[in-house]
Amino acid sequence: MAHEVAERNEQGTQVALVGIHKGGVHLAERLRTQLETIWHHPVPLGFVDVSMHRDDHSERLPRSIQPTTIPFDPTGKVVVLIDDVLFSGRTVRAAMDALTDLGRPKSIQLAVLIDRGNRELPIKADFVGKELPTSLEERVDVTWREDGATADAVRLVKA
Amino acid sequence: MSWTRKHLLDIQSLTPEEITTVLDTARAFKGVGERAIKKVPALRGKTVINLFVEPSTRTRISFELAAQRLTADIINFTAEASSLKKGETLKDTAKNLEALNADIIIIRHSATGAPHFLARFLNASVVNAGDGAHEHPTQALLDIFTIREKKGKIAGLNVTILGDILYSRVARSNIWALLKMGANVTLCGPSTLVPRTFEQMGCKVTYNVEEAIANADIINLLRIQHERQRQTMFPSIGEYTALFSLNKARLALTKPDALIMHPGPINRGVEIDSDVADSGRSVILDQVTNGLAVRMAVLYLCNGARSTNP
Chain A
1 MAHEVAERNE QGTQVALVGI HKGGVHLAER LRTQLETIWH HPVPLGFVDV
51 SMHRDDHSER LPRSIQPTTI PFDPTGKVVV LIDDVLFSGR TVRAAMDALT
101 DLGRPKSIQL AVLIDRGNRE LPIKADFVGK ELPTSLEERV DVTWREDGAT
151 ADAVRLVKA
Chain B
160 MSWTRKHLLD IQSLTPEEIT TVLDTARAFK GVGERAIKKV PALRGKTVIN
210 LFVEPSTRTR ISFELAAQRL TADIINFTAE ASSLKKGETL KDTAKNLEAL
260 NADIIIIRHS ATGAPHFLAR FLNASVVNAG DGAHEHPTQA LLDIFTIREK
310 KGKIAGLNVT ILGDILYSRV ARSNIWALLK MGANVTLCGP STLVPRTFEQ
360 MGCKVTYNVE EAIANADIIN LLRIQHERQR QTMFPSIGEY TALFSLNKAR
410 LALTKPDALI MHPGPINRGV EIDSDVADSG RSVILDQVTN GLAVRMAVLY
460 LCNGARSTNP
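Quick mapping for you: the protein sequence lines, in order, are chains A and B.
One point on numbering: in this note's numbering, the residue at position 94 of the first sequence is 94, and numbering is uninterrupted.
One point on numbering: in this note's numbering, the residue at position 144 of the second sequence is 303, and numbering is uninterrupted.
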């Protein structure tokens, strides 16, 4: 995925990464490490919590809510939004709203580890680790070594 | 998220986990105030009413701004310019406000239990912004948020509350919150304003200010509530200042990293010297900034819980 991002954005000097809490955090950190090796320069990285921007706040409270930390001005940057699983598209919509409150990126690209389909909004990822067609009765669990798992894993679970 | 309450009525009934949830949520909302666009759409389309039957400026403004930063609509209702003056009961006033489809009613009232009373019959969320000398939950939450932010923890800290404890809802809410979070609480002030009965809550009571501040990590100063005192509880302001004011000489007796807090409004030269209030040890203005974040978190959580389990 890092090579696809690098191919699309040649020198990468305008690129900044933004991981979406919580699922996108580790993927964003790993992509940054890879991209810094490819481009030989530091790549800015931030994190966004979309809870305050979701359209279903009235239906459920999130499990927790993390500070949004974007340590750079997104204005004029090519921002690559990063999440683990792309599903309805509502999280990505909320993340784009949150991001545009902070500045006006030159463009926004989307990188996800898993695209599980079932979109409810016209949103499409630019970089996809794996497409995984699922039904609404199924759940996709992603585990990371960074969180103490013995191995990275993506599991398709019957809900 | 461990939060299922649609009302915030007091600190006494909260669990330590619920208090932590508010603090963590407030940490996220604090970031919103530091941006160019200080607004998020979390409460878009919701109506919030500030029902202030007792006067207040800073708490009302803080709640008003909190609601606006969450994109809610907010109406300010003050007793002076209302039908309460024409004899309407509090219950009827609240029912009328709810008939306007208010989602959250924030109430400040001179009577203890007024918010609890409203919560019994309203579908809207009720948030206590101070009821008599009983509780002022958001003040306590912003105080412990500030303590946690500055000290990295609450448990194990020595917190001294100095001043008018008897008539202070800020003191009561703070005592509950601090004890639940594992802090050691010492109360100090004139004996008429700091009765020994507070020891039953688990606090230490002393009338010696030097002893009270010597080991304190936090010194929270309270204003003398002239408006709540039915008779003179101490001989004179001059004597209070001589015996209990936090001045430079007393500040020198404290731990070098002890922080000075005050819920405002401060009376310079009475409970606190100007030099001390403006010193680097004072976090009084941080409390104001944090109050906004805490109130955003409270509105967000109560609204979310009400929508989830009406």
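Don't take each hint at face value.
[Unchecked claim] If we take Cβ atoms under 10 Å as the criterion, some of the chain A residues that face chain B in the derived model are: (1) Asp-49; (2) Arg-54; (3) Leu-121.
[Said to hold, decoys possible] Straight-line distance between alpha carbons at most 25 Å, and here's what the computed BS3-like set of lysine-lysine pairs gives: (4) A:Lys-22 <-> A:Lys-130; (5) B:Lys-309 <-> B:Lys-414; (6) A:Lys-22 <-> B:Lys-189; (7) B:Lys-254 <-> B:Lys-244; (8) B:Lys-363 <-> B:Lys-312; (9) B:Lys-363 <-> B:Lys-197; (10) A:Lys-106 <-> B:Lys-414; (11) B:Lys-244 <-> B:Lys-309; (12) A:Lys-22 <-> B:Lys-198; (13) B:Lys-339 <-> B:Lys-189; (14) B:Lys-312 <-> B:Lys-339; (15) B:Lys-250 <-> A:Lys-22; (16) A:Lys-106 <-> B:Lys-198; (17) A:Lys-130 <-> A:Lys-158; (18) B:Lys-339 <-> B:Lys-363.
[To be verified] To spell it out: a stretch of chain B is covered by chain A in this simulated footprint if at least three of its residues, at any positions, have a beta carbon under 8 Å from a beta carbon of chain A; those stretches are: (19) 253-264; (20) 332-344; (21) 404-418.
Keep in mind that the hints were calculated from the coordinates and are not lab data.
Cβ coordinates follow ideal geometry from the N, Cα and C atoms, glycine included.
Quick rundown of the hints versus the structure:
| no. | hint | verdict |
| --- | --- | --- |
| 1 | Asp-49 | 6 Å, holds |
| 2 | Arg-54 | 8 Å, holds |
| 3 | Leu-121 | 16 Å, violated |
| 4 | A:Lys-22 <-> A:Lys-130 | 19 Å, holds |
| 5 | B:Lys-309 <-> B:Lys-414 | 15 Å, holds |
| 6 | A:Lys-22 <-> B:Lys-189 | 19 Å, holds |
| 7 | B:Lys-254 <-> B:Lys-244 | 17 Å, holds |
| 8 | B:Lys-363 <-> B:Lys-312 | 21 Å, holds |
| 9 | B:Lys-363 <-> B:Lys-197 | 42 Å, violated |
| 10 | A:Lys-106 <-> B:Lys-414 | 51 Å, violated |
| 11 | B:Lys-244 <-> B:Lys-309 | 44 Å, violated |
| 12 | A:Lys-22 <-> B:Lys-198 | 22 Å, holds |
| 13 | B:Lys-339 <-> B:Lys-189 | 23 Å, holds |
| 14 | B:Lys-312 <-> B:Lys-339 | 13 Å, holds |
| 15 | B:Lys-250 <-> A:Lys-22 | 44 Å, violated |
| 16 | A:Lys-106 <-> B:Lys-198 | 22 Å, holds |
| 17 | A:Lys-130 <-> A:Lys-158 | 19 Å, holds |
| 18 | B:Lys-339 <-> B:Lys-363 | 15 Å, holds |
| 19 | 253-264 | violated (count 0) |
| 20 | 332-344 | violated (count 0) |
| 21 | 404-418 | violated (count 0) |
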